[in-house]
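Novice: In case you want the letters, here they are:
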Amino acid sequence: MDRENGGGERRPARTVAVTTARRAARPGALWGIVFGATIAASAVSYDSAFPTAASRISLTRIEGNTAFEALFGPIRRMDTVAGYTAYKSGMFLIVLAAIWGLLVATRQLRGEEDAGRWELFLSGRTTRGRAAFDAALGLGVGAMALWVPTFVLTAAAGASSRVGIGSGASAFLASSVAASALMFMAIGILASQLVPTRHDANLLGAAILAGSYLLRMVADADPRLAWIRWLGPIGWIEELRPLTGSRSLAFVPIAALVVACVAISVRLASRRDLGASALRARDSYRSRTFLLRGQAGLTLRLTRPVIVAWAAVLVATGLVFGLVVQAAGNALATSPGIQKVIARLGATSAGAAAYLGFVFVYAAALVAIAVASQISAIRNEEAAGHLDNLLVRPVARWRWLAVRLAVGAGFVLLASVLVGAAAWVGAASQHASLGLGRLLEAGLNVAPPAAFVLGIGALCFGLWPRWAIGVTYGVIVWSFLVEILAALVNSNHWLLDTSPFLHVTPAPAAAPDWRAGAWLVGLGSIAALAGVVSFVRRDLAGP
Amino acid sequence: MEMAIRTQGLSKTFGRTRALISLDLAVAPGEVIGYLGPNGAGKTTTLRLLLGLIRATAGRAEIFGTDCQEDPVAVHQRVAYVPGEVNLWPSLTGEETLHLLGRIQGNVDEAYRDELIERFGFDRSKKVRTYSKGNRQKLIVIAGLMSRADLLLLDEPTSGLDPLMERVFRDCVREARERGQTVFLSSHILAEVEAVCDRIAILRAGRLVEIGTLAEMRHLSALQVDATLDGSVPDLSRVPGVSAVQVEGNRLRCRVVGSMEPLVAALAQANVRHLVSTEPSLEELFLAYYGDESGPGADPDGS
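Which chain is which? The protein sequence lines are R and Y, in order. Going by our numbering, the first residue of the first sequence is number 6, and it counts up by one from there. Going by our numbering, the first residue of the second sequence is number 38, and it counts up by one from there.
For the record, the hints were derived by calculation from the structure and aren't laboratory data. Treat the numbers as computed from the prediction; the structure is a model and nothing was measured. A few of these clues could be false.
Pairs of lysine to aspartate or glutamate, EDC-like flavour, derived with a Cα cap of 20 Å [what the hints assert, rightly or not]:
id : chain 1 : residue 1 : chain 2 : residue 2
1  : Y       : LYS163    : R       : ASP278
2  : Y       : LYS163    : R       : ASP227
3  : Y       : LYS170    : Y       : GLU122
4  : R       : LYS93     : R       : ASP119
5  : Y       : LYS170    : R       : ASP119
6  : Y       : LYS170    : R       : GLU68
7  : R       : LYS93     : R       : GLU68
8  : Y       : LYS170    : R       : GLU124
9  : Y       : LYS163    : R       : ASP205
10 : Y       : LYS170    : Y       : ASP199
To give a feel for the contact side, a few chain Y residues facing chain R, derived at Cβ under 10 Å [stated by the list, open to error]:
id : residue
11 : ILE91
12 : VAL123
13 : ALA180
Where chain Y lies over chain R, by a calculated footprint (3+ residues, C-beta under 8 Å) [what the hints assert, rightly or not]:
id : region
14 : 290-303
15 : 395-405
16 : 466-477
17 : 540-547
C-beta: ideal position from N, C-alpha, C; glycine also.
Please model the entire structure based on the sequences and the hints provided.
Specialist: Pasting the structure below:
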């Protein structure tokens, strides 16, 4: 919006496309870097983790394992760098790209409409349908911005003789990830026309994503049901088989879905009223004053949907880890290379426990992201002016922030217990010999880094409110990349100390280091306290 | 006497912009004061300082003897605030919002709340996000008035309300005064201020330029003089108190501050056929403060 009038002669319709493109391209490029780095890290680490032919052959044992394939998609050619990389990063990145695509699309369309900014565009020389189409074009630029760094980093890693992934295969992989983002952008655009709020559009999109993920799980669980894969968007991405086959046929339904969603959206946008939805929304609601007794109750009520959604994600993640632990552990037990990687992170056990210790790094990152969403919510409450309504009444500032942070801290605790418990349920169903106590400990072990992130977020919120969200997510991305680096190289470089994830042991592969955990929690608490003090002393800051 | 509002040298600077410059103000309990100023004059900045939402760069502010920056919670127990720009939680209904804000504020007069809902014709069953600007404003006005606070801080409270609702609002302010509540009404709707306020404070570019009753202000400010002469209009540029001279043939229009005598003497030789002097309306007073004199740099942030 900042340079709306700067173009002078620029047609308003173009302005929608350019503005949307600018807003989507920045996060797109950032995620592209994270995706590219993740893929590159898997590719580069393969050689050192599985140096011998025997260790590579041992990996192929998980090919055809139903539990694995149901969760991660078909596993092929695990004795090659390409096959291993496709398995390691494939489904994880595809789902992340889909979530990002959905969120960015609903923000740029329904979110802008909710905020009343869309009508500023529409009062210019454009129409409702045209503006929706141009926003779709702008989002397309965002998907391109995701593609470029994904491709460049994959190709750069692939150029090494030990990796050997060609630029064509790299481009195909990047296209698969970007296609996932693009499809869910299109779904987000359509959902923004169908329902009356961004929140509802996100729920609708998430339901489609979950449904499509389930379809492909069913398809991958039983070869006779493979055709079901063709029924949903995630299945199509899987049919592309990046790195392990590069079959372009599935781009046809992908392109058709994108075109159809955009075409229907443009038509709906030009027919419906601004602010209304194609599906009729209820006019009146029965008021429920449940929890609305004060600030703490309000916080719980406002954050409840987010907390429930994250809890579901974390339970599903823990369950997945648990379900595959036995098969993965057996495969890993025979690989000295991967043992070395896990040992670099501080593991002392082998087999199933080692595998869980390794993947719980992802759980730690997820819990930290979930906590960062709380910092986001805190800052948005202030930026949107909602906080004013409380602070002009007898609510002390320190109390408001303390309650919000306490909810965040409680959430960390809940999240970590859930991950551990869910992993135990999954592991127990596979008869893995990992006790509930040990996995609950492993779950609690991911809490300290998240608590530290919460504290840093609170400090930024107190000192530089407009930077708080960016810095908090930045700390997580940085820490995660450093963690990946630590798994790849033998080093005691001080840089590695900057990642809070590296200060906790990879439980359950090693005993939790509660002292280090207490340090992280202590530092986080001090940062949070400083954040509260700064917040009490500063001006409230608008957007 | 304990003042409802007292500020001393209250100042606020945003970066290099001086939004409020050394404000000295005293408002007695039970008084209704209008706080006038164009956009960016520092009205909202003053209110946000009084509420402790932003920190003063210099000076202090007290409400009923309690420091606004030191103990905002104690201050807020006696204050109700109605903002001009409403940002409520979009997922709550009107009823839920009133319930929540009432619980947090305390001292809600439930019968009065229901009466207000009735008088403003407010439908509380809808979600906040579906309300029009005017309905959102009604909601926040009801939330402010329902607590019967000792001091009402109103920041352009009728923006978005239709004329009928504006009238209901004015009635509510009058009733508040009758009950002994103090009202601080920041506005640029002059008719509203003229209708309900005992005293008026005028702010320009962050400075308080005038404060007093409307009658006092009229007395102190320029009279509009229209005259028709038989002869040509003499040179009035050196006549004390006379400004804004406009001459059209043998007709004269000018402004006079202070005594009329020098002007009458200057015109005496030209044979005055017709002379009318008019007291300025609040609108003219307002324009006199801003229209001609607003110099450069008179556009600080945060109205």
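Novice: The structure should be examined with respect to each hint, and the outcome stated for every one.
Specialist: Status of the hints after comparison with the structure:
For the given pair, LYS163(Y) sits about 19 Å from ASP278(R) by alpha-carbon distance, which is consistent with the 20 Å threshold. With a CA separation close to 49 Å, the supplied pair LYS163(Y) and ASP227(R) exceeds the 20 Å bound. Using a Cα cut-off of 20 Å, the hinted pair LYS170(Y) and GLU122(Y) holds, with the two alpha carbons roughly 9 Å apart. With a C-alpha separation of about 39 Å, the suggested pairing of LYS93(R) with ASP119(R) is violated against the 20 Å cut-off.
Of the pairs offered as hints, the one joining LYS170(Y) and ASP119(R) holds, with about 13 Å between alpha carbons and a cut-off of 20 Å not exceeded. With a CA separation close to 60 Å, the supplied pair LYS170(Y) and GLU68(R) exceeds the 20 Å bound. Restraint check: the Cα-Cα separation between LYS93(R) and GLU68(R) comes to about 13 Å, which is no more than 20 Å; the hinted pair holds. Between LYS170(Y) and GLU124(R) the CA atoms are separated by roughly 14 Å; this keeps the pair inside 20 Å, and the hint holds.
With a CA separation close to 17 Å, the supplied pair LYS163(Y) and ASP205(R) stays within the 20 Å bound. Using a Cα cut-off of 20 Å, the hinted pair LYS170(Y) and ASP199(Y) holds, with the two alpha carbons roughly 11 Å apart. This hint holds: ILE91(Y) has a C-beta 4 Å from the nearest C-beta of chain R, less than the 10 Å allowed. Given hint, VAL123(Y) at the interface with chain R, holds; its Cβ is 8 Å from that chain's nearest Cβ, closer than 10 Å.
A least Cβ separation of about 8 Å between ALA180(Y) and chain R falls short of the 10 Å threshold, and the interface hint therefore holds. For the region 290-303 of chain R, the stated coverage by chain Y holds: 10 residues have a C-beta nearer than 8 Å to a C-beta of that chain, and at least 3 were required. Counting residues of the region 395-405 of chain R whose C-beta sits closer than 8 Å to any C-beta of chain Y gives 8, which meets the bar of three, so the coverage hint holds. Residue count for the region 466-477 of chain R with a Cβ under 8 Å from a Cβ of chain Y: 0. That is fewer than the three needed, and the coverage hint is violated.
Note: the region 540-547 of chain R has 4 residues with beta-carbon separation from chain Y under 8 Å; the three-residue rule is met and the coverage holds.
Of the numbered hints given earlier, the model fails hints 2, 4, 6, 16; all others are met.
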